[in-house]
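Undergrad: Sequence:
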Amino acid sequence: MPRVKSSRSNPSKSPAPQGKSGFVRIISGQWRGRKLPVKDVEGLRPTTDRVKETIFNWLAPHIRGTRCLDLFAGSGGLGLEALSRYAEQVTLIEMDKGAADQIKKNLAALGSSQGQVIQSDAVSWLQGPATPFDLVFLDPPFRRELLPQVCELLEQRGWLAPDALIYLEREKEMADLALPASWQLLKDKQAGQVCYQLYLRDTKNDAAV
Numbered sequence: 001m002p003r004v005k006s007s008r009s010n011p012s013k014s015p016a017p018q019g020k021s022g023f024v025r026i027i028s029g030q031w032r033g034r035k036l037p038v039k040d041v042e043g044l045r046p047t048t049d050r051v052k053e054t055i056f057n058w059l060a061p062h063i064r065g066t067r068c069l070d071l072f073a074g075s076g077g078l079g080l081e082a083l084s085r086y087a088e089q090v091t092l093i094e095m096d097k098g099a100a101d102q103i104k105k106n107l108a109a110l111g112s113s114q115g116q117v118i119q120s121d122a123v124s125w126l127q128g129p130a131t132p133f134d135l136v137f138l139d140p141p142f143r144r145e146l147l148p149q150v151c152e153l154l155e156q157r158g159w160l161a162p163d164a165l166i167y168l169e170r171e172k173e174m175a176d177l178a179l180p181a182s183w184q185l186l187k188d189k190q191a192g193q194v195c196y197q198l199y200l201r202d203t204k205n206d207a208a209v
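Going by this note's numbering, the first residue of the sequence shown is number 1, and it counts up by one from there.
If you are wondering where the hints come from, they were derived from the structure by calculation, not from laboratory data. Bear in mind that the values here come from a model prediction, so they are computed numbers and not experimental data. You may find that some hints are simply not true.
30 angstroms max Cα-Cα, derived DSSO-like pairs, lysine-lysine [claimed, not checked]:
#1 K39 / K104
#2 K105 / K39
#3 K52 / K105
#4 K189 / K35
#5 K35 / K97
#6 K52 / K189
#7 K104 / K52
#8 K52 / K97
#9 K35 / K104
#10 K35 / K172
#11 K52 / K172
#12 K172 / K97
#13 K39 / K52
#14 K39 / K172
#15 K35 / K105
#16 K97 / K39
#17 K189 / K204
#18 K189 / K172
#19 K189 / K39
#20 K35 / K52
Just need the whole structure built from these sequences, with the hints factored in.
TA: Here's what the structure looks like:
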């Protein structure tokens with residue numbers, strides 16, 4: 001899988017409102033411009049178009065042909081965007097039944113068979129049998145302290161390919177987040193109260209330390 005350079009710094013496309021109206025927009029790829037309904041669920045916080053565009057600019061050379069995990073799928077916006085950009089397969093984990101069912105409907109509307117939606121608690125699901133993923137999206141509900149446990153499970157239970165990319169979105173005030181030693185920070189930005197980062201799992205360097 002290509003490495004990222006380190007840096008700190010289906011029905012017709014009918015118009016539909018965004019944001020509070022309950023729609024998510026696909027930015028690019030085979031379904032560019034499609035707007036898909038989002039289930040109204042308390043605490044659901046779809047990644048904004050501005051942030052999503054930055055994320056997928058980072059990932060543009062690496063999406064095609066990858067196996068992706070969208071662990072806190074919510075609206076499904078990140079996983080669907082990856083599929084639109086020709087990811088090989090995307091597994092979307094969502095605890096809320098209504099939200100999970102809506103993602104399934106959106107996949108059907110897009111005519112995609114490459115997306116698998118699983119209604120489950122993310123922590124419980126990660127404790128099951130593991131298959132390695134090339135790219136993982138981590139955008140959990142804020143202020144529930146889920147990231148430390150989830151990151152440890154991903155690393156320790158075999159969910160990550162040797163050079164996997166991990167996208168992480170978290171609240172600005174979450175400081176001193178302990179991450180696996182093999183995760184190398186590649187990109188780091190902030191939008192308002194949200195921090196978003198891209199990591200590379202670099203097991204070669206970790207083994208050499």
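Undergrad: Hints first: check each against the structure and report whether it holds.
TA: Verification of the supplied hints:
no.: 1; hint: K39 / K104; result: holds (11 angstroms)
no.: 2; hint: K105 / K39; result: holds (11 angstroms)
no.: 3; hint: K52 / K105; result: holds (22 angstroms)
no.: 4; hint: K189 / K35; result: holds (26 angstroms)
no.: 5; hint: K35 / K97; result: holds (21 angstroms)
no.: 6; hint: K52 / K189; result: holds (12 angstroms)
no.: 7; hint: K104 / K52; result: holds (21 angstroms)
no.: 8; hint: K52 / K97; result: holds (24 angstroms)
no.: 9; hint: K35 / K104; result: holds (15 angstroms)
no.: 10; hint: K35 / K172; result: holds (29 angstroms)
no.: 11; hint: K52 / K172; result: holds (17 angstroms)
no.: 12; hint: K172 / K97; result: holds (29 angstroms)
no.: 13; hint: K39 / K52; result: holds (19 angstroms)
no.: 14; hint: K39 / K172; result: holds (26 angstroms)
no.: 15; hint: K35 / K105; result: holds (13 angstroms)
no.: 16; hint: K97 / K39; result: holds (10 angstroms)
no.: 17; hint: K189 / K204; result: holds (26 angstroms)
no.: 18; hint: K189 / K172; result: holds (10 angstroms)
no.: 19; hint: K189 / K39; result: holds (28 angstroms)
no.: 20; hint: K35 / K52; result: holds (14 angstroms)
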